[in-house]
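Chemist: Take a look at the letters that make up each chain.
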Amino acid sequence: MSPVDTQAQPSQPVKLRPGNIQLDPQGKLRHFLAIEGLPKAVLTKILDAAESFTTAHEHREKKIELLKGHTIANLFFEPSTRTRTTFELAAKRLSADVLNINISASSSSKGETLLDMLRNLEAMHVDMFVVRHGSSGAAHFIAKNVPPHVSVLNAGDGSHEHPTQAMLDMFTIRQHKPDFPSLRVAIVGDIMHSRVARSQIHALNTLGVGELRVIAPQTLLPAGIEKMGVQVYQNIDEGIKDVDVIIMLRLQRERMHSAFIPSEHEYFSLYGMTETRLALAKPDVIIMHPGPINRGVEMDSAVADGSHSVILQQVSNGIAVRMAAMALAMRNPDGSSAS
Amino acid sequence: MSPVDTQAQPSQPVKLRPGNIQLDPQGKLRHFLAIEGLPKAVLTKILDAAESFTTAHEHREKKIELLKGHTIANLFFEPSTRTRTTFELAAKRLSADVLNINISASSSSKGETLLDMLRNLEAMHVDMFVVRHGSSGAAHFIAKNVPPHVSVLNAGDGSHEHPTQAMLDMFTIRQHKPDFPSLRVAIVGDIMHSRVARSQIHALNTLGVGELRVIAPQTLLPAGIEKMGVQVYQNIDEGIKDVDVIIMLRLQRERMHSAFIPSEHEYFSLYGMTETRLALAKPDVIIMHPGPINRGVEMDSAVADGSHSVILQQVSNGIAVRMAAMALAMRNPDGSSAS
Amino acid sequence: MSPVDTQAQPSQPVKLRPGNIQLDPQGKLRHFLAIEGLPKAVLTKILDAAESFTTAHEHREKKIELLKGHTIANLFFEPSTRTRTTFELAAKRLSADVLNINISASSSSKGETLLDMLRNLEAMHVDMFVVRHGSSGAAHFIAKNVPPHVSVLNAGDGSHEHPTQAMLDMFTIRQHKPDFPSLRVAIVGDIMHSRVARSQIHALNTLGVGELRVIAPQTLLPAGIEKMGVQVYQNIDEGIKDVDVIIMLRLQRERMHSAFIPSEHEYFSLYGMTETRLALAKPDVIIMHPGPINRGVEMDSAVADGSHSVILQQVSNGIAVRMAAMALAMRNPDGSSAS
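Protein chains in written order, with the working numbering: chain W, 1 to 339; chain H, 1 to 339; chain Z, 1 to 339.
Pulled out of the complex, with its shape left as it was, chain W reads as follows:
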């Protein structure tokens, strides 16, 4: 009769592989919490699924009934209209019902614990949680505490990971330059505080990128970054020489007050992307940014809106990649993969 007992003893016993809560016993995606630890085959499967959704959209099959009758709850502990909107659109295009839970308004006001809130949403037959949280590991904690038929997608946790953002970047790169081993990629900006950068580095290494560079001032580089399989450049003009792909990170303006960088003007002159600077990269370089752009800080408008920019393609691909992650992670009532 106890819900805890029920959850611990599902009709179909599911054993997670030790050390990787993200995969089911068949090696299929169960939760999508981090790029770190996922094999190349799983990443490729996400990219392939996203491609099929992109093709479907071009053929005017805008509505896909794959998740009809499933309920997805957006649990955003950190507000982000932009990211929530992309997950909401992805869920709706798969015909799922979407529940947006305003955490501050709902749970805390009546003194409910996080686990009680999860138990209640599960009891309402919510099938998937999309979690954004200011603390690293929050989505992982939730994933450890859901029953076998519920899956969890990480929409950004602290400075840890933001795996769907990284995968939409991989998808965008693959559209233009499908052979990862032959690519030289540079990530520019606040590596230290960026969950996006951490996810990108893991994804690019897992997909076998030829060479991966990070470009940042010393104050924005985490200690021991070299161990992540990257080459470090503090000089951007050296760092972007002959690269195929440049990924600009967003500069959080609040860093300024913490004295990580001297001023926006100074940052732009040292690390901002201009057309002159861009000419140092390969002639067919593509330039990416997770948005929203601080024009005149990370890059000038000529670059953001120029012929090398794929920034808006990233946004479009964000819908397809989130549809892919949702479709692959969704579970049947017995905990088996629904797709």
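It should be emphasised that the hints constitute simulated quantities derived from the structure, not laboratory data. Think of the CB as a built atom: it goes at the ideal place given N, C-alpha and C, for glycine as much as any other residue. The reader is advised that the hints may include incorrect statements.
[Unchecked claim] Ranges of calculated distance between the beta carbons of each label pair, as one might list FRET restraints: (1) H/K28 with Z/G208: 49 to 59 Å; (2) H/S52 with Z/D334: 39 to 49 Å; (3) H/T276 with W/G229: 56 to 66 Å; (4) W/S337 with H/S301: 55 to 65 Å; (5) W/G134 with Z/G37: 49 to 59 Å; (6) H/K28 with Z/K241: 46 to 56 Å.
With chain W held as given, fit chains H and Z onto it using these hints.
Modeler: Chains H and Z in isolation, oriented as in the chain W frame:
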């Protein structure tokens, strides 16, 4: 030409039975405002309909197109994310369109009266209002002022009634112990201020429960409660002796400040549910709570999460029971029952 | 590779007629920004489409799958629950997905420009923007900056126009009095600040109304109003003599503080509609108001709820007219008309 005239003279004349606005001339559910006054046959019909939706869900028929094209408006004058969410999910699973109206934000800002707001929503072809309000009788007032094709569900009005909550409790009891006449049931806690308790007492009596007890300190018992067909206990150890079902009420923390109870600690020691205390009831007793639980005040966690608890089943059943109430109360344009 | 280039060179080149961004080369509705400049044939087409949706609703075809898979974003820079709700219901009845964007919460917090926000929403495959803004010309500005497959509906811009409101008024008039050339119509109230009045005057003149009067105190009449093809009355008893249709405008209470009118009481005695006053018009006059009514300021309740009032029919018609505008303006990916 006048909308008032139009509404007063529908093409199919509908006469409400004197004294019971909740039923149509055929005795079918028209509004769901209160348990009091509804015959046993109607309550049983709601339970049976809820059962069919539960079965449908187990068979993966998650989406039912019964209310496709109908519009349901949640009018929440009192904020409650939790209750609104269950009504919203119930409506979506029946394929209805849902409109969440934030009352403070919409009506009052432009000085619109409540009746004008209702008239406008009806003119937009809203078919059903789900109403939650801090004043007793609010849903009843609205029901008296809607045209024949619109129905009203009460989602809690002041300290009057909360009929869908009571019915999900009845449904949960019936799942475990279907023979009401043989049951001994105890309701524990703040009877005086609880609209849930009022609805439960009416429902249990209508369904013919064998014996009904209420357990509370004198300060939390309404005057004349004995006339509602209950036996009163102030000592919980005596009150739960040999009962089949225990329903704990939620303690509103604001009561503390009003000196109804001395302290949370004192309340827990006198009325809180522990495993030791639970052993006084029947061996197969089930324990219920409307949520969210104040752990360590109304009950300790060992009971809340223990083998006798059916608390999360109540939450699941809340969706099915609300689907049932919506499906049964929905009207055709001529005011006849749509189901 | 640049999104700007891509958007500027669609596969099917689309050239807008000089001077009228609202029509496509075939003369079909592309954006709906203002009544001014639209030919009678387009207005009539909107009315005819609205009529077909009204008929469909009466035949219980509540859900129409015309825009299934399309996404409509409500961009409300000025809050209006009422207007947003009618657009949202219209979109849902056409089976479109709806995105409500809270502008203050989303765009400005991260310093994103309006154009960047639009580009991002377009990249997420939003097909239509419904725009409400406090500045005149805002919807027009946005329409000039969207790619060929995206269309824009004006839901009110400053004191410029509110075209869907005017068209629902035309639709309501046509239901009761279909022969515009034979009609005498009076608009009463704050002409100067009313975008609704501006749109109504253009619509009535384009549809060939017999005689159009505006009735207001000197302080609420814009300079040069006579050039818009109206007759001006400051005395309401003279102005409504023998009219077929009276359109009351809503009085913004904030005007009081700006000394445009002396007091609500004074305004009601000079311009408020009473049954006595109404007797001066034709015996079968209809009286209209965009809502919400200030009872006792613009009209008394006997008129608002009386047999000449068609105010709630206006609200119902608002859904059908917005469905019509959405269906007609929606584009295919190549920029051609989707309907």
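Chemist: For each hint given before, does the structure comply? Return the numbers of the non-compliant ones in rising order.
Modeler: Number 4 - this is the single hint that the structure violates.
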